[in-house]
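Student: Using the sequences provided together with the hints, build the complete structure.
For the record, the sequence lines run as chains A and B.
Under the working numbering, the first residue of the first sequence is numbered 223, with each subsequent residue one higher.
Under the working numbering, the first residue of the second sequence is numbered 612, with each subsequent residue one higher.
To spell it out: a stretch of chain A is covered by chain B in this simulated footprint if at least three of its residues, at any positions, have a beta carbon under 8 Å from a beta carbon of chain B; those stretches are:
(1) 305-311
(2) 323-335
(3) 375-381
Keep in mind that the hints were calculated from the coordinates and are not lab data.
All of these numbers come straight from a predicted model, not from anything done at the bench.
Here a beta-carbon is modelled for each residue, glycine too, at the ideal position from N, C-alpha and C.
Here's the letter readout for the chains.
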Amino acid sequence: MTSPIIEIKGLSKAFGSNVVLKKIDATVSSQEVVVVIGPSGSGKSTFLRCINLLEAPTGGEIIIEGQSLMDKKTSITGIRADVGMVFQQFNLFPHLTVLDNITLAPIQIRKLPVAKAREKALELLKKVGLSDKANMYPPSLSGGQQQRVAIARALAMEPKIMLFDEPTSALDPEMVGEVLAVMKQLAKEGMTMVVVTHEMGFAREVGDRVIFMESGYIVEQGSPAQLFENPQQERTKSFLSKVL
Amino acid sequence: MDFKFDIIWGYLPLFWKGTLYTILISLSGVALGSILGLFVGFGKMSRRWYLRWPMQSYINFFRGTPLLVQIYMVHFGLMPLILGKTNSIAAAITALSLNAAAYTAEIYRAGIQSIDKGQTEAAHSLGMTHFQTMRFIILPQAIRRMIPAFGNEFIVLVKDSSLTALITAPEIMYWAGVMKGQYIRIWEPYLTAAFIYFILTYSLSKLLNWIERKA
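Tutor: Printed below as a string of C-alpha cells:
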C-alpha cells in the first residue's frame, strides 16, 4: 500500500443537535477498496458525503492528496471533479441523453473537445455494457442500466477516487449483479474506492478493508477475513449475526 | 334589442389601435416582469437574510394589494417623480411589470424547488459550480415545469391590462369607454371589447398548449 490518498482526522458532523459523526479518524490508500458497513442511521452515508463536501463537516479535517478541504484556498469544485460519486437513486439528468449525461461535465469542466468527449463516453458505455443506449433518455432505462450509466458518467471525469453510496440498494434483486460486476471490474483496474453498501458478499470478495460503523463511530475495521470471520467487538458480532 | 353594427364598424380602427396597445402593454409587462421576477425569486431563495427579507416583502406587497391601487400609485406618484410628468403607457407597463414580477418570482421559486435535490448533488459531485448547475441541470428542467404557470400569468396580465384604461392608457377598454360616451350605448362597445379580449386570451392559451406539447 502506498501513502494515503484520503486522510480524515476527527471528522464530526451534526445536523442541529443530532450528532451523526463523532470524531472519526480514517485513511484510504491509493488503489485501496474500502467498504463501509453498518446499520442504517450509523452515519456511514454522511461519512461518505463529507468526503466530497456534499455535507459540510462541523469539525475535523479531510485531506485529499495533501489538500485540506477545510482550507479556504482549496478549490472545492476542483476536488469534486477528481472524486467521482455514485448515488443510491442514480441521479442521472433526465432531460439529457445518456451520451450527454456522460459528456456534459468533461466538456464544461475539463474543457474537452466535444468529439473527444463523445469518443470517451462511448468507450465507457462499452465498458459498462450499454453501447446501444447512447441516445436514449435515462427514464427509459432500467434501474441497473441507469446505475451503470451513472458509473460511466462519474468515470468520464477520470476521477482519482470513486465514492459509492449504497449503489445497489434501490435496485431490483436481479439487477444488483450487473452493477456489482462493473464495480468489481473497476476495483481490479486499481481504482481507489470507498463503498457504502449492504452487500456483504461484495465487501468480502472485493474489499481490501472493511469498516464497521455504528452511532457515528468507527467501531472496528480490518481485512474482510478478520472482520467477518473473527470480529473483536460485541457490536460488530451482533450486527454481522443479523446480516450474514 | 337593436344592435348597431355600423357604430362598431366606425370604431374598428380605434379598437385595432387599442388592441395593439393592449398587446404592447401586457407583452412588455410579462417580459419585464419575468426578468425582474428572476431577481426577486432568486433573492427570496437566497440564504442571505438581507436579500431574502426585502424580496419577500416585495412579493407580499404586490400580491397583497389591488393592482388598481398599484397602477394609480405608479401613474400619479412614481412616474411624475421619475419623468417629471405623467405618461399613461409608461405607467401601465411599469405597474404591470412590477406586479408580474411578484407572481413570476413565485413561479421561478416553485419551479426550481420542484427539481429533486439529487440533481444538484449529482451536478456538484461532478465538479460543477452553482452557476453551471443552474444553467445546465436545474433551469432546463425547471423551465419546462414553469411553462403552464407562465402562460397563466400572461393570460391574467392581458385581462388585467384593461385596468389601465382608468389612467387613460389607450388600450381596448379605453376606446370602449370613449365609444360608450359618444353613443351612450352599452352593449356595442363592451361586447366588442369582450370579444377582442377573448380572441386574444383564447389564441394565447392555444399557443401555450402547443408550446407545452413541444417542450
